[in-house]
Amino acid sequence: MMKAFDPIILNLILLAPLAGALLVALLPNRGKLPNWIALLTTLFTFLCTLHLPAHFNLAQHGFQYEINIPWIENPAISYHVGVDGLSLWLIVLAGLLAPVGVIASWNAITERPKIFYSLFLVQQTAMFGVFVSLDLMLYYGFWELSLVPMAILIAMYGRKSGPAAALKFFLYTFIPSAPLLVAILWLYARTGTFDFVTLQVLLTHGNFPAAAMCWVALAFLFAFAVKVPVFPLHGWLADTFCEAPVALAMIVAGKLGLYSMLRFHVGLFPAQARAAAPWLIALAVIGILYGACMALVQRDFWRLIAFAAVSHLSLIVLAIYGLTFSGWTGAVYQILSHGVVDAALFLLLGLIYDRYATSEIAAFGGLAANLPRLATFFVIATLAMIGLPLLSGFVGEFIILSSTFSSVSRGWAVAAAVGIILGAAYMLSLVQRLFYGPQSSMVSAKPSTDLRFMQIAVLAPLAILIFALGAAPSIWLNAIQTGIHPPPLTSVQSLYAPATSENSFPTPISLEVQR
Amino acid sequence: MNPVPDIYRILPEVILTLTGVAVMLLEATLPPSWPRRPLGWVAAFGTTFAFIASLWQLSLPEGTGYFNTVETSAFTVFFHVLICAIVLASLLLSLDTLPHDSHHQGEYYALIVFGAVGMCLLTGAIELLLAFVALEISSIATYILAGYRKEAPKGPEAAIKYFLLGSFATAFLLYGIALAFGATGTTQIYELGRLIPAAQNHAFVVTALAMMLIGILFKVSAAPFHLWTPDVYEGAPTPVVALMSTAPKAAAFALLLRIVYEVFPSLHAVSTPLLWAVAVLSMTVGNLAALRQKNVKRMLAYSSIAHAGYLLAAFAGIGTIGIAAASFYTAAYAAMNVGIFAVVTLVSGYEEELPLVDDFRGLLHRSPLLGSVLIFFLISLIGIPFTGGFFGKFYSFSAAVGGGAIWLAVIGLVNSGIAAAYYLRLAAAAAQRPDPDKTYSTPEVGIAVRAALMLAVAATLVLGIAPGQVLHAVQSGAHTLRTPMPEAAALPVQSAP
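If you read the protein sequences in the order shown, they are chains A and B.
Take the first sequence: its position 5, counted from the start at 1, is 5 in our numbering, and no numbers get skipped.
Take the second sequence: its position 399, counted from the start at 1, is 399 in our numbering, and no numbers get skipped.
Quick caveat, the hints were computed from the structure, so don't treat them as lab data.
Here the structure is a predicted model, which is why all the values come from computation and not from measurement.
Careful, some of the hints might be misleading.
Simulated crosslink set (DSBU-like; lysine-lysine; CA at most 30 angstroms straight-line) [stated by the list, open to error]: (1) B:Lys294 / B:Lys154; (2) A:Lys160 / A:Lys32; (3) A:Lys168 / A:Lys114; (4) B:Lys438 / A:Lys160; (5) A:Lys446 / A:Lys160; (6) A:Lys168 / B:Lys438; (7) B:Lys438 / A:Lys32; (8) A:Lys168 / B:Lys154; (9) B:Lys150 / B:Lys294; (10) B:Lys150 / B:Lys161; (11) B:Lys294 / A:Lys160; (12) A:Lys32 / A:Lys3; (13) B:Lys438 / A:Lys114; (14) B:Lys438 / B:Lys294; (15) A:Lys32 / A:Lys114; (16) B:Lys438 / B:Lys154; (17) A:Lys32 / A:Lys446.
Using the sequences plus the hints, can you model the full thing?
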């Protein structure tokens, strides 16, 4: 019976947050009404996202729950959405983190809750939109849209210098998206379609000028690399983490950029991705080591987490550009794991920040005596982050490192492993400095209450998920693997086969009316 | 031969003229103690009727009237509707923001309506002399309106500057028309289009084209003819700026389209590189100068110069594609610009006590409605998808790419990136928490302004989410413009805007 929802489930997932946002904006700001509407909307959306894995057909490759409706006639933009193994769990993860984010903001956001929650919900729609769009223009629309609520909220609720951080965040992502748009338009001018599935076929078998394709692929890559961020483009991340409200910082890093890399860079331009791979692998390993070293010396825990994120996200980039089947599986898995673990860490640090209003690590010490439950959750998240077996981080890191070691390069794998060891160093030292040792004067001066029921209710699912991801990886991996088809290496090889058709794309871009 | 009475061809103009006259007479005859605000409502209703009459004109067969001097077609209807909508929005905006004790309110409303007559006539004229007269009607109205705040130190300066430079520019246009007449012996646009390729003296015709371009590019404030814009926008009352940064520009762009595509189609090789250069210059100069502005109105003035550049990029498109893209852009630009000036009027106040970017700090916290609307229009001006600004740029640059001007599109997109910086500065100021040491007055948002804002928001959203209908309208318009002899192609218009 629930099957009946299959054809509209993605509409529901996209529209429900938007409807919630409208409702929040229109209804009066009375008591906690905006919070409740946002919570109910996000819970409903989460339920909708759970429908996807529940009815996902593991035997079927390609996209499921597809909807394809023409939207604008000329240029031919359509509302084409669908889900495959690559995006399946990412959507569920985004769905899960939304109510978590709402509860995390429950008492933290007191001024202008209407604006906060309506923009938060718009952000949800934009994120889901990025994950499900199969039309390049639609995708671009959601990609750009995802910037706006984030930037406004950082400017509004920034801790110290919100507007500056918001500006940095916006421009860092907006400027690379200009070449992305040109590249998308160029593809349309050559092929007459924005449709991802069609383009994938056309680009694999078509005959395109190599130099131009190289630039087009580079434009895609550049936009995504900034968003991830890949090593020299990470300038925005630390400031954003310092300023963003917890609920948004949880969702900002990594997922959108990494998913886009997998789907739209490697997926559309396998040959160009292969050419770029050595560079990206090198940058990824530099990013892993650089991020880890920078994290070791940070004095502010938001910045520490930011550089830790650079390090961990670079590991996923390494996996993607290893261009191996298992590397990709590990990459998607690690995006999930990192999403959950990072969210948990952000929540916990946010709770600490709320209590003590400082993020300077040196001011803390001996927190565990005051906040034993918080400390427990923090240690679980930390251990997951550094890859303890049976916790979520281990599986992804193991798959990535072993595939890199066996089929990419032993040297890079060893270097990346060094970064992971450093990861243990900075994370454990963070735990040690925050929670253990003698109580600092600030902590003893401000005795504060431990986690309350609501907060545990939010953290517990994340902790359970950390165990579930680590203990039963096959549940998740099976679905992910259906999305990785054909395996990247074979699709690259098929490019070396002679092109089957020449000049089969005569439709240039035009605004002409068809009379 | 022509079964449609001539008067139907200029029905919106007639309605607007009657409205203006009525407002003037009422102003003069009503006792001085009576409030003058209802005159604004009279003007608004008259404009609404003109709007409806323009739409009704779609049911007429296309054709010309008054001895081939005016025409009605999908093209003219599109611009009529656009101009009437802009005028309506600025009337609504003025109704709530004009101080109740200000002098000569009747004249103010009448001048807006008379200006609209000129603008509408300009888009329908197919006789250059009539176009010139129409341009003067609209210009003189805006000259006076620009100086309406006589007490403000910058008001009269703005009016005089605008008047002197504007007269100078129209002289260029007139000179161009004279040269074209000298070369061909006619000033009728279709006749010119037919005769100019055969004209004996090539230099003569090229000079005529250049002169006309100068005259019109001044009106649309494209660089390097933009120097008046920031000063005039700063000095003029903000509701008037909302009007004059959009409606006269839309009308002037309509004339520019006619001149480039109908009068001088044979000289594309000359006009295209000229417009290419002007487009690049406008975008770059406008955006770089806007980056340095602290006064919001001056910043938006430079931004409007940049937008004229984005619009001119569409002229690199081939034939109907370029025309359709340019027409679409005028609509998208008008919607977001009227909207943002409405917000600026409310926040800065009619007397502009708070004109700086810093004065907008915390707007989103102080007045969530105005703050979010301001940010919405800024997003559209930046060109984020799902707003009119995005599709405007999208079509304009697509047309440029289609016409082979890839570099123009690239420069345009780089410029959009630069522009984002100053729009965001304003947006970030609005989103920031208010300065705790300062007290702010919360601006009141009256019913009429609310209506104007909603009109602008709705138009921007429709153009961004469902541009299909408008696209159809501009494409039909573009097709009617491409037929040099209207008798030969009396096609029924297929779709309404």
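These are the hints, each one checked on the structure:
1. With a C-alpha separation of about 17 angstroms, the suggested pairing of Lys294 of chain B with Lys154 of chain B holds against the 30 angstroms cut-off.
2. Distance check on the hinted pair: Lys160 of chain A and Lys32 of chain A sit about 26 angstroms apart at the alpha-carbon level, within 30 angstroms; holds.
3. As the CA atoms of Lys168 of chain A and Lys114 of chain A are separated by approximately 25 angstroms, the hinted pair is consistent with the 30 angstroms bound.
4. Using a Cα cut-off of 30 angstroms, the hinted pair Lys438 of chain B and Lys160 of chain A holds, with the two alpha carbons roughly 19 angstroms apart.
5. A C-alpha spacing of about 22 angstroms is found between Lys446 of chain A and Lys160 of chain A, which places the hinted pair at or below 30 angstroms, so the restraint holds.
6. With a C-alpha separation of about 27 angstroms, the suggested pairing of Lys168 of chain A with Lys438 of chain B holds against the 30 angstroms cut-off.
7. In summary, the hint linking Lys438 of chain B to Lys32 of chain A is supported, as the alpha carbons are separated by about 29 angstroms, within the 30 angstroms threshold.
8. With a C-alpha separation of about 36 angstroms, the suggested pairing of Lys168 of chain A with Lys154 of chain B is violated against the 30 angstroms cut-off.
9. Taking the CA atoms of Lys150 of chain B and Lys294 of chain B, the gap is about 24 angstroms. The hint holds against a cut of 30 angstroms.
10. For a cut-off of 30 angstroms, the pair hint linking Lys150 of chain B to Lys161 of chain B stands: about 14 angstroms separates their Cα positions.
11. For the proposed pair Lys294 of chain B and Lys160 of chain A, the alpha carbon gap of about 23 angstroms is at most 30 angstroms, so the pair holds.
12. Distance hint between Lys32 of chain A and Lys3 of chain A is unfulfilled; the C-alpha atoms sit about 35 angstroms from each other, more than 30 angstroms.
13. Restraint check for Lys438 of chain B and Lys114 of chain A: satisfied, since their Cα atoms lie roughly 24 angstroms apart, inside the 30 angstroms limit.
14. A C-alpha spacing of about 19 angstroms is found between Lys438 of chain B and Lys294 of chain B, which places the hinted pair at or below 30 angstroms, so the restraint holds.
15. Distance restraint check for Lys32 of chain A and Lys114 of chain A: the Cα-Cα separation of roughly 10 angstroms lies within the 30 angstroms cut-off, and the hinted pair is therefore satisfied.
16. Our distance criterion of 30 angstroms between C-alpha atoms is met by Lys438 of chain B and Lys154 of chain B, whose separation comes to about 27 angstroms.
17. Straight-line distance between C-alpha atoms of Lys32 of chain A and Lys446 of chain A comes to about 28 angstroms, which keeps the hinted pair within the 30 angstroms bound.
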